[in-house]
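Novice: Residue strings, one per chain:
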Amino acid sequence: MRGNAEAHELIAPGSLTAVLNLLATEPGVWTPIAGGTELMVAYAAGRLNATRLVSLWGLSELRVIRATDQHMSIGAGATFTDLRKSAIVSEEFPLLAQAASWIGSIANQTRATVGGNLVNGSPAADSSPALLAYDAGIELISARGSRRVPYSEFHTGYKRTVLAADELLYAIHLPRRFARHRQYLRKVGTRRAMAIAKVALAGTALIESGTIREVRLAAASLAPSPTRLYRTEEILLGRQITKETLRAARAAILAEALPIDDIRSTAAYRRRVAANLLQEFLFQLGGEEFRP
Amino acid sequence: MSTSATTRIVGAPVPRKEGIDKLVGRAQYVDDITREDLWHGATVRSTIPRGIIRSIAFDPRIEWSEFTIVTAADVPGNNHIQLIVADQPCLAEGRVNHCDEPILLLAHPDRHKLLEAADAVHIEYDPLPAILSIEESEKQREIILGEDNSIKSFALEKGDVDSVWARAAHIVEGEYRTGAQEHLYIENNGMIAEWSAEHGITVWGSLQCPYYVHKTLRSVFDLPDDKVRVIQTETGGAFGGKEDYPSTLASHAGLLAMKSGHPIKMIYDRMEDLAATTKRHPSRIRHRTAVDKDGKLLAMEINLAIDGGAYSTLSSTVLSRATLHACGPYVCPNIRVRARAWATNTVPYGAFRGFGAPQAIFAMERHMDEIAAATGLDPVGLRRRNFLHEGDRNATDQLMREPVILDDLLDRALKESDYYGKRVRYAQENPKSAVRRGMGIAAFYHGSGFTGSGELYLNSLAGVHVTPDRKVRVLVSNTEFGQGTNTILTQIAAEALGLDFSDVMMAPADTAQIPNSGPTVASRTSMVVGRLVERASLQLLALLREHAALADHPTRDEFFAACDRYRAAHGAVESLCRYEAPPGIYWDDATYHGEAYGAYAWAIYVAQVAVDTVTYSAEVEDFWAVQEVGRVLHPVLAKGQIEGGVAQGIGYALYEKVVLQNGHMANNQMTNYIIPTAADVPPIHVHFEQIPFRYGGFGAKGIGELPHDGPAPAILNAIRDAAGVAFNAIPLLPEDLFATLAAREPVEEPVAL
Amino acid sequence: MKRLLDVLREDLRLTGTKEGCGEGECGSCSVRMNGELINSCLVPILQAEGASIQTVEGLASHGVLHPLQDAFLQLGGAQCGICTPGMLMAAAQLLENNPHPSMTEIREGLAGNLCRCTGFMRIFESVLAAATQTSEKALEQPHHAR
Chain E
1 MRGNAEAHEL
11 IAPGSLTAVL
21 NLLATEPGVW
31 TPIAGGTELM
41 VAYAAGRLNA
51 TRLVSLWGLS
61 ELRVIRATDQ
71 HMSIGAGATF
81 TDLRKSAIVS
91 EEFPLLAQAA
101 SWIGSIANQT
111 RATVGGNLVN
121 GSPAADSSPA
131 LLAYDAGIEL
141 ISARGSRRVP
151 YSEFHTGYKR
161 TVLAADELLY
171 AIHLPRRFAR
181 HRQYLRKVGT
191 RRAMAIAKVA
201 LAGTALIESG
211 TIREVRLAAA
221 SLAPSPTRLY
231 RTEEILLGRQ
241 ITKETLRAAR
251 AAILAEALPI
261 DDIRSTAAYR
271 RRVAANLLQE
281 FLFQLGGEEF
291 RP
Chain R
1001 MSTSATTRIV
1011 GAPVPRKEGI
1021 DKLVGRAQYV
1031 DDITREDLWH
1041 GATVRSTIPR
1051 GIIRSIAFDP
1061 RIEWSEFTIV
1071 TAADVPGNNH
1081 IQLIVADQPC
1091 LAEGRVNHCD
1101 EPILLLAHPD
1111 RHKLLEAADA
1121 VHIEYDPLPA
1131 ILSIEESEKQ
1141 REIILGEDNS
1151 IKSFALEKGD
1161 VDSVWARAAH
1171 IVEGEYRTGA
1181 QEHLYIENNG
1191 MIAEWSAEHG
1201 ITVWGSLQCP
1211 YYVHKTLRSV
1221 FDLPDDKVRV
1231 IQTETGGAFG
1241 GKEDYPSTLA
1251 SHAGLLAMKS
1261 GHPIKMIYDR
1271 MEDLAATTKR
1281 HPSRIRHRTA
1291 VDKDGKLLAM
1301 EINLAIDGGA
1311 YSTLSSTVLS
1321 RATLHACGPY
1331 VCPNIRVRAR
1341 AWATNTVPYG
1351 AFRGFGAPQA
1361 IFAMERHMDE
1371 IAAATGLDPV
1381 GLRRRNFLHE
1391 GDRNATDQLM
1401 REPVILDDLL
1411 DRALKESDYY
1421 GKRVRYAQEN
1431 PKSAVRRGMG
1441 IAAFYHGSGF
1451 TGSGELYLNS
1461 LAGVHVTPDR
1471 KVRVLVSNTE
1481 FGQGTNTILT
1491 QIAAEALGLD
1501 FSDVMMAPAD
1511 TAQIPNSGPT
1521 VASRTSMVVG
1531 RLVERASLQL
1541 LALLREHAAL
1551 ADHPTRDEFF
1561 AACDRYRAAH
1571 GAVESLCRYE
1581 APPGIYWDDA
1591 TYHGEAYGAY
1601 AWAIYVAQVA
1611 VDTVTYSAEV
1621 EDFWAVQEVG
1631 RVLHPVLAKG
1641 QIEGGVAQGI
1651 GYALYEKVVL
1661 QNGHMANNQM
1671 TNYIIPTAAD
1681 VPPIHVHFEQ
1691 IPFRYGGFGA
1701 KGIGELPHDG
1711 PAPAILNAIR
1721 DAAGVAFNAI
1731 PLLPEDLFAT
1741 LAAREPVEEP
1751 VAL
Chain S
2001 MKRLLDVLRE
2011 DLRLTGTKEG
2021 CGEGECGSCS
2031 VRMNGELINS
2041 CLVPILQAEG
2051 ASIQTVEGLA
2061 SHGVLHPLQD
2071 AFLQLGGAQC
2081 GICTPGMLMA
2091 AAQLLENNPH
2101 PSMTEIREGL
2111 AGNLCRCTGF
2121 MRIFESVLAA
2131 ATQTSEKALE
2141 QPHHAR
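So the sequences go chain by chain: E, R and S.
If you use the numbering used here, the first sequence corresponds to residues 1 to 292, in order.
If you use the numbering used here, the second sequence corresponds to residues 1001 to 1753, in order.
If you use the numbering used here, the third sequence corresponds to residues 2001 to 2146, in order.
Just so you know, not all the hints are guaranteed correct.
[What the hints assert, rightly or not] Here are the computed lysine-lysine pairs in the BS3-like style, where the Cα-Cα straight-line distance is at most 30 Å:
1. K1227/R with K1259/R
2. K159/E with K2002/S
3. K1432/R with K243/E
4. K2002/S with K1113/R
Simulated from the structure, these hints should not be mistaken for laboratory data.
Isolated chain E, as found in the complex (with noise of 0.2 Å):
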């Protein structure tokens, strides 16, 4: 244990209110840490710049799963429990329901929350592939108001979002239409559980007649943060799912894979599992000319 208690200071307001006047009055000042299983482990390890910290951890008015006709939205403070154990979540977003089930361990998934998993930034980040699939919207939250972004435009780079110095994640909302939608995730790490991903990708698609009428793919560890996969998109859209299609979309997947070497694995193996992982989509949305 590296980090020194001394040299941190936790505050807690108590409201949702108070701690956006905090942040308000001295931005880039306070971070905010909910489940901490993010900047605990850099803390232990003697690597927590912020001396700082401001919880949001027990905030009501952040942990809430609601829902209404065309939206359902998840509070940014809602742990990986809370979505395992919901029943829309299960229902209508059963890609989300997976991959909360694969974060960490299940005391982890106790107290991680979908909102420290996007604002952590992390390629690898485990609920990001799914809500980029079902095209989530997020929702930010400050002193002066909220403002809403799609999610595919909240990572900006490298553990980098738009996310100001004033503001929080408040929640993300998932537009309820994906009930015919074919789905598909799948994940690629180190061991079964407790694994960070290696890559990993989500995908979902409207078929009819044998066509790919509407598709979106979303891919982890395969760029700088979580991605849509827009071109190897493109090339699906509007087609029937052949062997040439096929041969295309992983064409299209190898060159849009942007992942890189790192300590837990290579980049070589990403863009090639990245591209079976699509062909197992595909395979899964009726390519019966795939097998031999």
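Take the given structure of chain E and dock chains R and S to it, following the hints.
Specialist: Okay, now just chains R and S, sitting in the frame of chain E:
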């Protein structure tokens, strides 16, 4: 002979002796213990793999007068850890030979000020060229140890290898590599030390071998026997990782205690433990084998190299065991093994469950499957054709005097795993499936106890003592670290003395209270030490019969009453026994001929593995471990040992990679040193056969290390079966499978799913 | 910013909960907070204010072992014992939510608790055995840490 008698306690699943304390959170591991006036200790370590220390500067922002600072200059005695060759400094003196080598020590009452201070010591080096692999060491362009970088070598020769090649029907060659492996005991290394002029040094810590630590402390502090005291605290896993390293940590804590005048606690955090302490020796093993047309092994030529790291430490004995396990459980009339341990500028490698045998057996058993593939023989039939049996001689010409039932074990393993049925099924299913399955086997033995004359050299002394309040204490220096020492030795004493299990306890693992019955290593506890405890118990009964009128088949009360009578007349009721070698043993250290080990455990392991062609990952779906281990002293503990060893072997094969960058472990966190979780381990089916060994405790042979020998080759053989491609290096990660398998496929083309 | 783990071990001298990694990877620091399993090395003490915490010291009741502890003792669920407190907490959490878990559910429930000694088989067997024994009465009242 006690081995064939019916027993009440030995062989029964009695509750673990210290079980309740562990289950209710009362067990005291070293970090659970505190002291008045305790200071904390920290280590400042080298950041380069090799070089001269040019200067050490202390940043003025720290109030250094509050700290105790210790360097090599403060060592009162010998600045070396006492192992086989005492070349490893306790603290670096003027030069460093590996990253993370300890240079100086700091102590302070505040742990956080201590960490700040450690960061504020600025060391300048003149770097020297570092040798970071076996290949670089072999080139001998840079000499980093001795005259030639060679820590030790062995040559084992039998028959006339060179005469065979010309007439052999087949000659098969192969090269096999194993990587380093980290023990990852869940409790990190830790030590508490106290010093006083009156008592000398006392240490409490997480350790396997109190007398190893004692020996080093005597030398480092230049103190007599009775001024050094070593006490083992409850130890949270060891696997060999706490065999020699604690001697270094104890010396460090002791030096700080002596200089500061305060009790010192040093507990490594995970990052430090991973980076700075011992790991399994990496190996490169080359086989060249001559086989006749029917698959009979005619000749084996083996070139075996292990990476010892920067200092000798235990490499010569690891090399020895590797050499003696290199040829497998097979008959082969012509053998040449050339084995060498090479020095590199990395953290010294050390003991880890198996101790050279997992490396050697990986190579041998992978190679057997390559021989099968090259000759068109079935891997099962090939092995059967060459198994040792009673009456045969092994690689060192040791006569197999005890029954060897490899055929029966193999039959059982094949049946339990449905080996043949599955191979037929997989051959049909694999071409149409994204997941390819395969079956693999490994056949092996593991020698129990120290090699050759090692047990005689250890000259172990163990015994039993009866207290006035009617408790029997087992007097051994062998320690519990999960494997069940406390339970099996008290079982043996209780059984031999005719008492209840609850009558017998272990004497505290404290060098002030126990004789030296040798280290807790080499799978010797149940066989060698168990036998000593058994003999000492029987000897005690004889003593009481002779001097205290003990009846022939006494009740518990009669036994304790006789003890009381004895104590009143003669003093302490105690019986000690020294090791005696089984008769007729001879071993020649120079030629590596003779009885290498007193006894062997024998095993056949089978792995069922699935290779996913989408992700290139291999997973073990099911696993069978069938072994003959002599008498099973405790069915639950024994099963637990096999299952735990298999899980570690699975990690060794498929998950655990030590990533070194310039000789420093870059993945020194649990998040990126990967071991299998509860979600990853397959069902592990364990079956024991028992042929009691007359010179082992109640017939027991060693069991602790055997299970780590078999999984890796069985798994890689199964992958060969599944994928049709030979992989000869572990750890075998998906990225490695990908590199070979995917190279054969055009990237754009759809893969067959 | 002390961690819940530090407060438990140092201030309250409840040393049953262990520190194996400080990264939330090994689970040896697992305790139950407000009835949910968490890794106490990752919780700043301020966030545990007002919480009810159960540690391994609170599993047994008046000297009577919890069915899980009893099963671990009979079936070899603990070897070196260092992962055991966290493992028991995770298993207790599992059985409270799911009194008759399948093997898959047991594996998932314990996947956050690393054990290096057992290979998990004896632990699985212990949890299955305890599952058939568990009753409301056996589940212990939380040990309040304030």
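Novice: Run every hint past the structure and note whether it holds.
Specialist: Do the hints match the structure? See the list:
1. Restraint check: the Cα-Cα separation between K1227/R and K1259/R comes to about 17 Å, which is no more than 30 Å; the hinted pair holds.
2. For the hint linking K159/E to K2002/S, the alpha-carbon distance of about 27 Å falls within 30 Å, and the restraint holds.
3. Pair hint K1432/R plus K243/E holds up; C-alpha atoms about 17 Å apart against a cutoff of 30 Å.
4. At most 30 Å may separate the alpha-carbon atoms for a hinted pair to count; K2002/S and K1113/R meet this at roughly 15 Å.
No hint from the list above goes unmet by this structure.
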